[in-house]
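A.B. asks: With these hints in hand, go ahead and build the complete structure from the sequences.
Chains A and B, in that order, give the protein sequences. If you're matching positions, the first sequence starts at 1 in our numbering and goes up one per residue. If you're matching positions, the second sequence starts at 1 in our numbering and goes up one per residue.
Worth flagging that the hints you see were computed from the coordinates, not collected in a lab. Quick caveat, the model's predicted, so the values are computed rather than measured. Do not rely on the hints blindly, as some may be mistaken.
Claimed, not checked - The following residues of chain A were derived to be distant from chain B, with all beta-carbon distances above 10 Å:
#1 R51
#2 S70
#3 G89
#4 P305
#5 E307
#6 I328
#7 A344
#8 D363
As the list claims (entries may be wrong) - Only pairs whose alpha carbons sit at most 25 Å apart, straight line, appear in this in silico SDA-like list of lysine to any residue:
#9 K113/A <-> T48/A
#10 K100/A <-> Q45/B
#11 K51/B <-> P357/A
#12 K51/B <-> R330/A
#13 K65/B <-> Q370/A
#14 K51/B <-> D398/A
#15 K100/A <-> N339/A
#16 K50/B <-> G336/A
#17 K302/A <-> W253/A
#18 K51/B <-> T269/A
#19 K65/B <-> D310/A
#20 K40/B <-> P331/A
#21 K65/B <-> A369/A
#22 K426/A <-> D279/A
#23 K50/B <-> A67/A
#24 K51/B <-> A369/A
#25 K377/A <-> K50/B
#26 K411/A <-> P278/A
#27 K51/B <-> R399/A
#28 K260/A <-> S298/A
#29 K261/A <-> K22/A
#30 K100/A <-> K40/B
#31 K22/A <-> G89/A
#32 K50/B <-> A344/A
#33 K51/B <-> N339/A
#34 K297/A <-> T269/A
#35 K40/B <-> P97/A
#36 K50/B <-> S355/A
#37 K297/A <-> N257/A
#38 K381/A <-> D398/A
#39 K113/A <-> A79/B
#40 K50/B <-> P276/A
A virtual CB, placed ideally from N, CA and C, is assigned to each residue, including glycine.
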Amino acid sequence: MVGEDVLYQSVAEQGKLIRARKLSPVELAEAALARLEKLGPKLGAVATLTRERAMEEARAAEKEIAAGRSRGPLHGIPWGAKDLLATRGIPTTWGAPPFKDQVFDYDATVTRKLREAGAVLVAKLAMIELAGGGGYNNGNASLQGASHCPFNLEHWAGGSSSGPGAAVPSALVGFAIGSETLGSIITPSAFSGVSGLRPTYGRVSRHGAMALSWTMDKLGPMCRCAVDCGLVLNAIAGEDEHDPTSSKMPFAWWLPNDDKKARSLAGKTFGVVRPPSPDRMDEETGAAFDAACEALKSLGAKLEPLELPDFPYGPVAVTLYSSEAASIFRPFIESGRFNELIDASQRAGLVATLSLPASDYLDAFRLRAQVQAEIAKLFEKYSAIVAPSRTGPAPPLDRNFDAPPPPRKDKPEEQRPAPAPGSGEKWNVIGMSNIAGLPAISVPCGFTREKNLPLGIQFVGDAFREDVIIECAHAYQLATDWHRKRPAL
Amino acid sequence: MKRREFAKKALGAAAAAPILLRRLPQQPAQEPAKPEPRVKLTPEQEEAVKKATENRERQLSLMRKRMLPYDLEPAFVFAARAKERKKQGGKEASSPVTVGPGGKEATRFRRP
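C.D. replies: Structure (structure tokens):
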């Protein structure tokens, strides 16, 4: 019988036990499936349980390991796929009612690579419908319903990779694969206490994943620690003949043997993007971020305040992905089936994409070239850009995202206006890094006092330097234990 | 027909044309037929789409007001480019860097 303590272990720890034949992949898969059945509905984490495939893969893993043939650190580890990854013979709903019966007859490249690495697919995980491509204004915008933050079930898990956000920190799976176009890995990682890595654009093949934006979609691991992100990325990175934008750049990252060296950030310089609180960032989030920066300093890193170059990151990002989404979903929109989507603002947003002028799309691409050049200069000086993953904790499940921000704690009677468009761009790290296609990792850096909501810090790296940001996040996690907190479920 | 005779007849025809045209039955002025909208919306949805479009226009205005250099070209095939890095954190860049003519880093655009 596999106990809860084992289920909460990292992939690296579980893998070690499996290879030493102290942990059976079959028993681990059975335990994960039982936990998914028990807690999945409570958390709104699951789209489909893949029991049959899981047991077949687990038995194959057990047989191979018994015969002394290990496929590496993911062999026998249960994982969950955001429900936009094609999985042969299993429904892939894209989180949207019009696609609830959609079944592909092939595996996405990522799914195939993980199968080859010996990982065991136990579930397709919930997501915001169509990854929120039309713009959504609440956490319920999903065929599977809202996903809950495991640390406080009255709050949202974050999106659009909401199921992975709920499932990973509650140990329903060993790890998950999420996707990000504009914040969909970083946000649920911050809101739910996940260590989530958004790789460089092109690092991981997008073949078989729902396309929202050909030039902005990325697939990446969502795990319980930074080391696991590196191990999973090892398995899924690489060129793919089915994705012409996939990169040849090699990636190989392994757990450092020298623990003392791994704990040191000496020689690293971070540019720190810190929105001012309380106007632009919740105060507790600001305090947790400041404490995290102190921890980085104590590890030997040099920190310098940084303001992002002046660009309209948000409008550029939205124009890029909306234009591409318009082309991708035009037949779906024009068929009238968009009316079956759950969220009204998503329906309206998708229709509105059809009238985006081509000249704006091209201008966004031209600005993108300028952004890339300017941001590249920053990495001549900085090892990484460090920022709060989000400027506040997870919102309550019933929050309308379009509503003005909630009043400040010290002035509860004062209604705050919504920030003016474009006024927060110098702190828009998610927008900047997604436009430039840069990698980022978000790791937990604290919890709010009253509501026990996770808070995150993100490290943004230079293109194809996931190794650097994983090392930084790993060093931080060796010095802190926020990532080891377990939700009371 | 002599040139002078032709000119006389042509002048007469030109003078008579407006009178003759006025005698023709007048065609009612017609607007070009509007194409059937491809997406059928309820009035409520039309309002929501209008709101979404207005919101987008506000965002786009922030982008449109920037003057872009004439020679700034879009990256038609987007690629996040790796660039040569200085030694940082005691570690050399491990990723290979393509070096183009003149020692400049080659762009990493892939052929379609």
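A.B. asks: Given the proposed pairing of K65/B with A369/A, does the C-alpha separation stay at or below 25 Å?
C.D. replies: 17 Å, holds
A.B. asks: If you draw a straight line from the CA of K377/A to the CA of K50/B, is it 25 Å or shorter?
C.D. replies: It is violated: about 40 Å lies between the C-alpha atoms, which goes past 25 Å.
A.B. asks: Would you mind confirming whether the straight-line C-alpha gap from K51/B to R330/A stays at or under 25 Å?
C.D. replies: Cα-Cα ~20 Å, so holds.
A.B. asks: Given the hinted pair K51/B and A369/A, is their alpha-carbon gap at most 25 Å?
C.D. replies: 30 Å, violated
A.B. asks: Does K100/A pair with N339/A here, judged by a C-alpha cut-off of 25 Å?
C.D. replies: 14 Å, holds
A.B. asks: Can you confirm whether the C-alpha distance between K51/B and R399/A stays at or below 25 Å?
C.D. replies: 20 Å, holds
A.B. asks: Is the Cα-Cα distance between K113/A and T48/A 25 Å or less?
C.D. replies: 20 Å, holds
A.B. asks: So if I understand the rule, the pair passes when the alpha-carbon distance is 25 Å or less; does K50/B with A67/A pass?
C.D. replies: 64 Å, violated
A.B. asks: Decide if the proposed pair is consistent with the structure: K40/B and P331/A, CA atoms, cutoff 25 Å inclusive.
C.D. replies: 13 Å, holds
A.B. asks: Using Cβ atoms and 10 Å as the threshold, tell me whether S70/A really stays out of contact range of chain B.
C.D. replies: 25 Å, holds
A.B. asks: Please verify whether K426/A and D279/A have alpha carbons no more than 25 Å apart.
C.D. replies: Given that 25 Å is the threshold and the Cα spacing comes to 14 Å, the pair holds.
A.B. asks: Is the hinted pair K51/B and T269/A satisfied, with a Cα-Cα distance of at most 25 Å?
C.D. replies: 44 Å, violated
Going through the hint list in order, the structure does not satisfy hints 7, 8, 18, 23, 24, 25, 29, 31, 38, 40.
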